[in-house]
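Visitor: Sequence:
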Amino acid sequence: MLRRHVDAIPFLCPPWLPLPSGHPSVSALALFFLPPTCGLASLTFRRREIMLSTSAVQRRYRLFYPVRQTIPFHFNPVQSIFPLIYQNNLLAKPRLSWKDYEGRREFDADHPLPVVGTRLNERTTTHKWSHWDQYLNPQITQSWRDLTPSPEYVGPRSGHNVIKMGWMKIGGSWKYSRSYNDARRGFAKGQWQERKMTPRFMLAPRVSAGGPRNRYEGKACFSRFRLSKLLWAIDTGRLNPNETITLYHLLNAKVIADREILWPGMVLLAGNVERVPYPLHIELQNASAKAIQLLEEAGGSFTNVYMSHEGLYQELHPEEFPTFMEQDLPERKGLENFATQPRKRGWLAQWYEDESRYAHPASGRRSAHYVRPPTDRDFPATIEEYELAKHHQKWHLNQPGSATVLPWHSLNTADMARRSTGRV
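The C-terminal position of the sequence shown is numbered 673 in this note's numbering, with every residue numbered one higher than the one before it.
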């Protein structure tokens with residue numbers, strides 16, 4: 250116990266100095282240097298408190314200045330009005346609470362004030378130009394969005410227009426409108442009931458399973474492009490009439506916007522144009538019969554380049570495809586209606602007519618009257634086909650049904666190239 254008392258006085262007695270446990274002078278010294286507020290219980294680990302304590306420092310018991318001076322009460326009214334009162338100076342600096350506060354000042358040009366959101370600048374709204382402002386200064390109406398309705402219009406009506414009840418707020422009572430509006434009963438509603446008649450929806454025949462104007466994925470809904478706009482773009486110098494005009498040229502010349510281009514593409518319409526003054530060569534996805542007639546009467550040509558979604562992407566972004574990728578044929582309906590249609594000047598029409606003269610190798614008839622198709626090869630043309638032929642000769646020769654199922658598209662298409670090389 251006394252050894253711990255000695256630890257409390259490190260400058261008197263270092264901890265490695267051996268002292269007898271009953272030494273009277275040691276305990277007397279220890280008790281003499283203790284402050285009067287400290288008892289023997291707090292004396293126990295006194296040395297460790299000196300090193301680790303975070304509490305307030307203990308003041309003297311006899312002070313030589315008034316006690317109020319050390320109380321950390323900064324809103325002391327006497328000290329706020331007379332800041333030097335404890336230095337025996339009655340210099341008065343009265344403060345009006347907020348009326349003379351000029352705001353924070355920056356200490357230096359290098360230390361600007363932080364941007365702090367206050368209630369004032371959070372509740373402040375920006376001024377929108379009123380109709381009177383637009384009348385005074387027409388320069389501020391720069392967009393159609395500035396042409397607002399009257400200021401009384403605050404938006405569409407919110408709520409429900411309940412029959413015989415008027416406008417009811419959202420979340421209001423449906424008690425009086427259930428019986429007419431949203432009844433939980435069966436088929437017949439209202440006063441005039443067609444009970445003994447054929448229902449109206451069964452009287453008209455269905456034209457198809459989906460309806461006459463049904464939209465489905467893969468339906469050919471073209472964006473419209475007028476022949477008059479094409480002639481205007483050529484006359485103003487945006488397009489070169491001496492080159493074949495495609496969708497890529499129309500987009501790059503800003504004749505059409507990119508939001509107008511949706512698969513399958515654009516249709517060329519004649520509109521009010523009666524003659525085309527110079528020959529034009531155009532490749533688009535569709536055209537009306539009159540537009541094709543006008544172009545060909547002027548000595549030009551139209552080619553229907555109806556293509557798949559991937560082909561349309563390659564047409565619009567040729568910089569991503571440094572080598573030509575093999576194109577997938579479009580789906581069967583587009584192939585029959587557009588790509589191989591002679592009336593639409595399809596890009597596969599000649600190939601389709603030539604194909605009909607050839608005998609299919611799997612057909613069971615004599616091929617003496619048919620020309621041998623130029624696409625029929627008995628040798629592999631590319632390295633991939635050569636590897637495929639070697640694989641089949643090694644593993645699948647004379648084993649019907651065991652061969653690899655070939656993909657629908659050839660091996661050089663864009664999705665295969667992307668799968669192997671990332672973004673081309």
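It should be emphasised that the hints constitute simulated quantities derived from the structure, not laboratory data.
Honestly, I wouldn't trust all of these hints.
[To be verified] Okay, the calculated beta carbon distance ranges per label pair:
(1) Gln599 to Gly467: 49 to 59 Å
(2) Arg473 to Arg606: 32 to 42 Å
(3) Asn521 to Thr390: 31 to 41 Å
(4) Gly467 to Arg508: 51 to 61 Å
(5) Pro528 to Arg449: 30 to 40 Å
(6) Ser472 to Arg592: 13 to 23 Å
(7) Arg308 to Asp349: 34 to 44 Å
Glycine included, every Cβ here is placed at the ideal spot set by N, Cα and C.
Visitor: Now, for every hint given, state plainly whether the structure supports it.
Guide: Against the structure, the hints come out as follows:
no. : hint                         : result
1   : Gln599 to Gly467: 49 to 59 Å : 25 Å, violated
2   : Arg473 to Arg606: 32 to 42 Å : 37 Å, holds
3   : Asn521 to Thr390: 31 to 41 Å : 33 Å, holds
4   : Gly467 to Arg508: 51 to 61 Å : 21 Å, violated
5   : Pro528 to Arg449: 30 to 40 Å : 55 Å, violated
6   : Ser472 to Arg592: 13 to 23 Å : 21 Å, holds
7   : Arg308 to Asp349: 34 to 44 Å : 37 Å, holds
Checked against the numbered hints given earlier, the structure breaks hints 1, 4 and 5 and satisfies all the rest.
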